[in-house]
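Participant: Chains A and B, in that order, are what the protein sequence lines are.
The numbering used here puts the last residue of the first sequence at 219; the count rises by one with no breaks.
The numbering used here puts the last residue of the second sequence at 219; the count rises by one with no breaks.
These are computed hints drawn from the structure, not numbers from a lab.
Some hints could be false.
Given that identical chains are not distinguished, each listed pair holds provided it fits within a single copy or across any two copies.
[What the hints assert, rightly or not] Calculated lysine to aspartate or glutamate pairs in the EDC-like style (CA-CA distance at most 16 angstroms, straight line):
no. : residue 1 : residue 2
1   : K162      : D7
2   : K63       : D44
3   : K182      : E148
4   : K118      : E16
5   : K216      : E173
6   : K118      : D7
7   : K75       : E41
8   : K39       : E91
9   : K78       : D133
10  : K109      : D6
11  : K39       : D70
12  : K11       : E173
13  : K182      : E41
14  : K75       : D40
15  : K27       : D45
16  : K11       : D177
Keep in mind it's a predicted model, so treat the numbers as computed, not measured.
2 protein chains.
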Amino acid sequence: MKVNNNDAESSAVDVSVDCVVFGFDDRKLKVLLIEQRNPDRSTRMKVQTALPGDLLIKDESLDDAAKRVLKELTSLEGIYLKQFFTFGDPARVKGLKDQEWLRVFRNHPERRVITVGYYSLVNMEDYKPRPSSFAGKARWVDVYEIPSLAFDHNAILSTAIDALRHELLADNIGFELLPEKFTLSQLQHLYEIILDRKLDKRNFRKNVLKNEHLTPLAEKQKGVLHKPAQLYQFKRKK
Amino acid sequence: MKVNNNDAESSAVDVSVDCVVFGFDDRKLKVLLIEQRNPDRSTRMKVQTALPGDLLIKDESLDDAAKRVLKELTSLEGIYLKQFFTFGDPARVKGLKDQEWLRVFRNHPERRVITVGYYSLVNMEDYKPRPSSFAGKARWVDVYEIPSLAFDHNAILSTAIDALRHELLADNIGFELLPEKFTLSQLQHLYEIILDRKLDKRNFRKNVLKNEHLTPLAEKQKGVLHKPAQLYQFKRKK
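Can you make the complete structure from the sequences, with help from the hints?
Facilitator: Here it is in structure tokens:
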């Protein structure tokens, strides 16, 4: 840290957190969005769809802020949220529509807001969001059918998807979304949905079997009409 | 973004950037640090060692701030800096020594500072830092012999090392630091220095040869006394 003379030029900014909660339901990759209603009836925008997010509170760490905001807006808690990127475009909340929106709710709508993005990947069946009165609705939306979101939230979501794919390829986080015992077809299907492309079956199997944490079981699928497939288990990394 | 009633509680903060520039010189992994002198002779701390960093300027993007600050403090430019983490501990500049230091230089030393970390990995021979008058000295220091740094800079450096190792294992960034044609021993040596542990030669070769971007050449080492080793080249990912 250089501690010199930029104080005059640097102006205090607001800092917020935004949460990108991905949900997987065996067929689709979705993201949790909230819908907010503008109580000021004179504005053109009556409703906006957004990622759950809010300003940091005094003396609150970034991680704590992410947990609090997600809980306040959607009632979800106990979710591991991972910081993935900080968005600092000086114009990120300066659009006309964004400013019209912020003027209703903020004391300093003109102030620059830098936001720290967090993401999470959960099994949708385990988490039922319940919106706060402020977040009129909280709902899961297919990541490939996202409407126009508030502020730069479309860009934040897109960066989060990249981070998720990167983690999937590097760290196999996807295993957490599968049942305890799964087939290689189930695993490939999960990868295809998150990566949004078809994978070659032979190459996928060759690569995935190199993973030392994937253990074949002495069991096969039961109750299927086709030839039962080999089951696998995932030994968690320490 | 929830735009409601936290304005009262949320207080504006300062945002800074800190740059962790790693240098590799064929034998050691180093990091670029600056030494700053305190002009106020009444303070106990006369000198502090720190990562190059400073406050954001009004209307400046985070990436631009990182480039500007690094250039201003060390004269280095044209370096690819990658954002890796944002540090928001509410107490991160509140230590007694840190406050004593900040009171000399800042208009609002008591203000919370959230800092966005950037890192880079360069070939030390290509970059000769030249400190600004403010940064009394800029020097390369072995990452395994780091002194006590200002603020939370030791923790920032440690997080940057983790990010670097993660990237090395996921994306093979290390190849950029090798000569165009290299032996597998050179490659293993680079990995060992960055990961800070001995690697098993046979396992390392087995794993690294799976990398489809590593191409064996129809050439061997020249001018060596021992049996010349096979040379390899790295085809860059698109």
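Participant: If a hint holds in the structure, say so; if it does not, say that too.
Facilitator: Hint check:
1. K162 x D7: The answer is within: 14 angstroms in one copy meets 16 angstroms, while 46 angstroms across copies does not.
2. K63 x D44: within (8 angstroms within a copy, 21 angstroms between copies)
3. K182 x E148: neither (21 angstroms within a copy, 27 angstroms between copies)
4. K118 x E16: within (5 angstroms within a copy, 53 angstroms between copies)
5. K216 x E173: Result: close neither inside a copy nor across copies, 22 angstroms intra and 26 angstroms inter.
6. K118 x D7: Close neither inside one copy (23 angstroms) nor across copies (57 angstroms); limit 16 angstroms.
7. K75 x E41: between (26 angstroms within a copy, 14 angstroms between copies)
8. K39 x E91: Result: close only across copies, 13 angstroms inter versus 20 angstroms intra.
9. K78 x D133: So K78 and D133 pass the 16 angstroms test inside one copy only (12 angstroms; across, 39 angstroms).
10. K109 x D6: within (12 angstroms within a copy, 53 angstroms between copies)
11. K39 x D70: For K39 and D70, the Cα distance is within 16 angstroms only across copies (11 angstroms; inside one copy 23 angstroms).
12. K11 x E173: within (14 angstroms within a copy, 40 angstroms between copies)
13. K182 x E41: neither (47 angstroms within a copy, 47 angstroms between copies)
14. K75 x D40: So K75 and D40 pass the 16 angstroms test across copies only (12 angstroms; inside, 26 angstroms).
15. K27 x D45: Neither way: K27 and D45 sit 30 angstroms apart in one copy and 36 angstroms across, limit 16 angstroms.
16. K11 x D177: The answer is within: 12 angstroms in one copy meets 16 angstroms, while 40 angstroms across copies does not.
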